[in-house]
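Could you slot chain B with the ligand onto chain A? The hints should help.
So the chains spell out like this:
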Amino acid sequence: MAKGEIVAGCLAPHPPHLVYAENPQQNEPVSEGGWEQLRWGYERLRKSLEDVDYDVIVILSPHWQTYIGTHFVGVEKCSSKSVDPVFPNLFRFNYDLDIDVELAQAIHDKAEENGMAVKMMKNPDFRVDYGTLVSCHMVRPEWDKPIVSISSNRSLSYYSVEVMQEMMLELGRSTAKAIEESGKKCLLIASNSLSHRHFVTETNPPEDMSKEHITSHAMHLWDMRMIELMREGKSQQIIDEMPEFCEQAIAETDGGAFTWLLSAMGVPNEPAILHGYGTIIGTGNAIMEWPVRNWSA
Amino acid sequence: MNGEVVKSLIIPAHPHPVLCPEKNEGWQRVRDAFDDARRQIEESDADLIIIYSTLWPSVIGHQIQADPNPEWVMVDADFHDLGSIHYSLRIDSEFAKSWNEANIARGLESRTVAYDGFPIDVGSVVALKLLNPYNRIPAVICSTNVYSNRAETTILAKSCMDVIKAQGRKAVAVSVMSLSNRMFTEEIKPEEDRIHSLKDDEWNRKILEFLSEGRLEDVSQLSRTIHDQIRVKKVVAFKPMWWLSAMNANRNDLTGSVLAYEPIHGAGAAVVVLDPESNGTGDKEYDEDDVEYYGGDRDVLDSSSKVINNESNNAGPDLFDPVEGENAVNSEKAPKPVGAYPHARREGDLIYLSGVGPRQPGDNSIPGGPIKDSDGNMLDYDIKAQTRAVVDNIARILEEAGSSLDKVIDVTSFLVDMDRDFQGYNEVWADTLGQVGPTRTTLAIRALPTPIAVEMKVIARA
Ligand SMILES: [Fe+2]
Numbered sequence: 001m002a003k004g005e006i007v008a009g010c011l012a013p014h015p016p017h018l019v020y021a022e023n024p025q026q027n028e029p030v031s032e033g034g035w036e037q038l039r040w041g042y043e044r045l046r047k048s049l050e051d052v053d054y055d056v057i058v059i060l061s062p063h064w065q066t067y068i069g070t071h072f073v074g075v076e077k078c079s080s081k082s083v084d085p086v087f088p089n090l091f092r093f094n095y096d097l098d099i100d101v102e103l104a105q106a107i108h109d110k111a112e113e114n115g116m117a118v119k120m121m122k123n124p125d126f127r128v129d130y131g132t133l134v135s136c137h138m139v140r141p142e143w144d145k146p147i148v149s150i151s152s153n154r155s156l157s158y159y160s161v162e163v164m165q166e167m168m169l170e171l172g173r174s175t176a177k178a179i180e181e182s183g184k185k186c187l188l189i190a191s192n193s194l195s196h197r198h199f200v201t202e203t204n205p206p207e208d209m210s211k212e213h214i215t216s217h218a219m220h221l222w223d224m225r226m227i228e229l230m231r232e233g234k235s236q237q238i239i240d241e242m243p244e245f246c247e248q249a250i251a252e253t254d255g256g257a258f259t260w261l262l263s264a265m266g267v268p269n270e271p272a273i274l275h276g277y278g279t280i281i282g283t284g285n286a287i288m289e290w291p292v293r294n295w296s297a
Numbered sequence: 298m299n300g301e302v303v304k305s306l307i308i309p310a311h312p313h314p315v316l317c318p319e320k321n322e323g324w325q326r327v328r329d330a331f332d333d334a335r336r337q338i339e340e341s342d343a344d345l346i347i348i349y350s351t352l353w354p355s356v357i358g359h360q361i362q363a364d365p366n367p368e369w370v371m372v373d374a375d376f377h378d379l380g381s382i383h384y385s386l387r388i389d390s391e392f393a394k395s396w397n398e399a400n401i402a403r404g405l406e407s408r409t410v411a412y413d414g415f416p417i418d419v420g421s422v423v424a425l426k427l428l429n430p431y432n433r434i435p436a437v438i439c440s441t442n443v444y445s446n447r448a449e450t451t452i453l454a455k456s457c458m459d460v461i462k463a464q465g466r467k468a469v470a471v472s473v474m475s476l477s478n479r480m481f482t483e484e485i486k487p488e489e490d491r492i493h494s495l496k497d498d499e500w501n502r503k504i505l506e507f508l509s510e511g512r513l514e515d516v517s518q519l520s521r522t523i524h525d526q527i528r529v530k531k532v533v534a535f536k537p538m539w540w541l542s543a544m545n546a547n548r549n550d551l552t553g554s555v556l557a558y559e560p561i562h563g564a565g566a567a568v569v570v571l572d573p574e575s576n577g578t579g580d581k582e583y584d585e586d587d588v589e590y591y592g593g594d595r596d597v598l599d600s601s602s603k604v605i606n607n608e609s610n611n612a613g614p615d616l617f618d619p620v621e622g623e624n625a626v627n628s629e630k631a632p633k634p635v636g637a638y639p640h641a642r643r644e645g646d647l648i649y650l651s652g653v654g655p656r657q658p659g660d661n662s663i664p665g666g667p668i669k670d671s672d673g674n675m676l677d678y679d680i681k682a683q684t685r686a687v688v689d690n691i692a693r694i695l696e697e698a699g700s701s702l703d704k705v706i707d708v709t710s711f712l713v714d715m716d717r718d719f720q721g722y723n724e725v726w727a728d729t730l731g732q733v734g735p736t737r738t739t740l741a742i743r744a745l746p747t748p749i750a751v752e753m754k755v756i757a758r759a
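Just so you know, the sequences run in chain order A and B.
Per this note's numbering, the first sequence starts with residue 1, numbered consecutively.
Per this note's numbering, the second sequence starts with residue 298, numbered consecutively.
Keep in mind the hints are simulated off the structure, nothing from the lab.
Treat each hint with caution, since some may be false.
[Said to hold, decoys possible] Each computed BS3-like pair below joins lysine-lysine, with the alpha-carbon atoms no more than 30 Å apart:
1. B:Lys394 <-> B:Lys467
2. A:Lys177 <-> A:Lys81
3. B:Lys320 <-> A:Lys122
4. B:Lys394 <-> A:Lys81
5. A:Lys119 <-> B:Lys486
6. A:Lys119 <-> B:Lys467
7. A:Lys122 <-> B:Lys486
8. A:Lys122 <-> B:Lys496
9. B:Lys320 <-> A:Lys119
10. A:Lys122 <-> B:Lys394
11. B:Lys426 <-> A:Lys77
12. B:Lys426 <-> A:Lys119
Bear in mind the structure is a predicted one, so any value in this text is a computation, not a measurement.
In isolation and in its complexed conformation, chain A is listed as follows (with noise of 0.2 Å):
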């Protein structure tokens, strides 16, 4: 059997405006648009994976929030309506889809031998989370490909930022591991906005693009400073830059999802690809794409 590998690692944040903003059928809100800037850079990532091969997408989102461990969705096929809590309004998706469960159950045992607490999540009543769901309509609204869903370990909430990450690298390892014993190809998606500073109040309609923007400069200049260092390379600075940004710009990073990503592509040194930036009800989002695929190794 070929080795398993990393096709390309995403950036992809999930605000559920953006599957609002574009009105596919399995979404019941219906709106006038909004967030085009960030649409068109997913527009611009789908492109650039259009001729890539892949068997499956594995992704990390912050909103299965976990406390006992890292777990997997364990069933195999998973149906249902999803209902933003926090936003109901806009998001309330029916979703069918497959989960590659050999492949979590790969990641988790890999992980498990790795000495990290883990769980399979095999009750068929369980609702897939909107982060997951919004991160791959985006990505692929094709639906054809199983994921591996994982969740987001609160470890930050528990600990410090610097154990979140430590055991967020060690399952970007094993994640690796597993994928390339798998014999898969793997599109990974870490599933988070960069600065997570929400106005608490909303436009009427929601889409009023003349109202949104940034919550403050101080998040402006982190969003762009994190943007600046992917697209060099710098992953290991922003590794070690993490507990700055999460305190300071409220990051959504601190779900793990991003450490993750970094671990898994092996903390690379070439660059992301810029493919789009843009507020979201004033939360910092960027698209980036790291095409492992054309990385000699």
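Leaving out everything else, chain B with the ligand in the frame of chain A:
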């Protein structure tokens, strides 16, 4: 109508007491305590259960569930292997809508939600499954805003009380929360369960000691400390005690009983019932700002929308520094005059006060809201809140003069709407100056210089 909170509860949020109480003696005791609390609710004349859930975070203000019959299957994010909980709840959507309107009237960002498939949070599902298994009593569920501060959380309770009183409801107020919330970060066997650390256990016991003595206000005021000491920084802070205390008029003399205190996967799970009957101890003074309206401090998108307590939106007369003259008494703690006169003047053994209204020193806001907007459109306002604010301002001026409220000997009151306001004004009077016993004359007048409904002219002994 005599609406009131007939019972207050603090309950844990974990699914164990519903799904597997038999696996651990402590979990069973928590379940038994839930059942006991359920019987107490059934034996009361409660007609509404109000849930403030820390497990339902929100960003756009507070969200109130208004679907009359939410139905789905709940699976816990961590404890999915314990099983699913089917729920079909009875929500008082009319109350939800009224509460939402009351929130907005008090300056809060708020909205109702009613969507098929909405994921009711585990805490609310557990609460209603165990406290109200047959939907005998309708319920409402409110989210916890991740950014809300104490003022917002307090006002959220006050607007809830506005509706309870207006509708004459007998409400059970439920805060769904752990005490210490640090769980074990690995799987444990049920029989290995214990409070995560001795420190957490000691703090939990201290909180429960306070609650068993009915000292809800004290726990509320310690919320920030408790949060620092024994709370893992998840999305919401130790806010529910602010809410629950404000639902009980921030009293410290409730009758409390702790029905259970046990660990659930390391967290502190307690079932506590607080009754409004006074336990006989004196109620202590409330020493944090008791805010009535929310002006909004980060309404970045639209700052002009619904600030109702800020007089700067109601182009009123110019303000003056109080005149410093012979025997004048002026206070920084009283609102600025609307003309060239002092707050008060001392003549011999007597102190004469200039007319005192409810405007607040500093921001010039009007507790209870202004009676009209800058365009002259009449607004709804709370005469009791205005009257209380007048009495507070009188007390501040008298204190500055070295006197006090109990030395007031004669009052002339002016109301702009005698028919509407006399009763509310009279009730507050009875609770305040009425206890002192000055002579009083009440007049109806056409208008006062600022958009207020009541003013008093006072003479007191020095
Ligand atoms: Fe998010």
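Pair hint outcome, Lys119 of chain A versus Lys486 of chain B [Cα-Cα no greater than 30 Å]: holds (15 Å)
With the threshold set at 30 Å, check whether the alpha-carbon distance from Lys426 of chain B to Lys77 of chain A stays at or below it. holds (29 Å)
Would you mind confirming whether the straight-line C-alpha gap from Lys177 of chain A to Lys81 of chain A stays at or under 30 Å? Violated. Lys177 of chain A to Lys81 of chain A sits at ~33 Å, over the 30 Å cutoff.
Sort out whether Lys119 of chain A lies within 30 Å of Lys320 of chain B, counting only the CA atoms. Measuring from Cα to Cα gives roughly 20 Å; hence the hint holds.
Assess, step by step, whether the Cα of Lys320 of chain B is no farther than 30 Å from the Cα of Lys122 of chain A, and give holds or violated. holds (20 Å)
Quick one, are Lys426 of chain B and Lys119 of chain A close enough, alpha carbons at most 30 Å? holds (27 Å)
Given the hinted pair Lys122 of chain A and Lys394 of chain B, is their alpha-carbon gap at most 30 Å? violated (38 Å)
Check the hint pairing Lys122 of chain A with Lys496 of chain B against an upper bound of 30 Å on the C-alpha distance. violated (35 Å)
Starting from Lys122 of chain A, check that the Cα of Lys486 of chain B is at most 30 Å away, please. At roughly 19 Å apart (the allowed maximum being 30 Å), Lys486 of chain B and Lys122 of chain A satisfy the hint.
Run the distance test for Lys394 of chain B versus Lys81 of chain A: straight-line Cα separation, threshold 30 Å. holds (25 Å)
Lys394 of chain B and Lys467 of chain B: Cα distance at most 30 Å? Distance ~18 Å between Lys394 of chain B and Lys467 of chain B Cα, so the pair holds.
Is Lys119 of chain A close enough to Lys467 of chain B, meaning Cα to Cα at most 30 Å? Violated, because 44 Å separates the two Cα atoms, which is more than 30 Å.
When the structure is compared with the earlier hints, violations turn up for hints 2, 6, 8, 10 and for no others.
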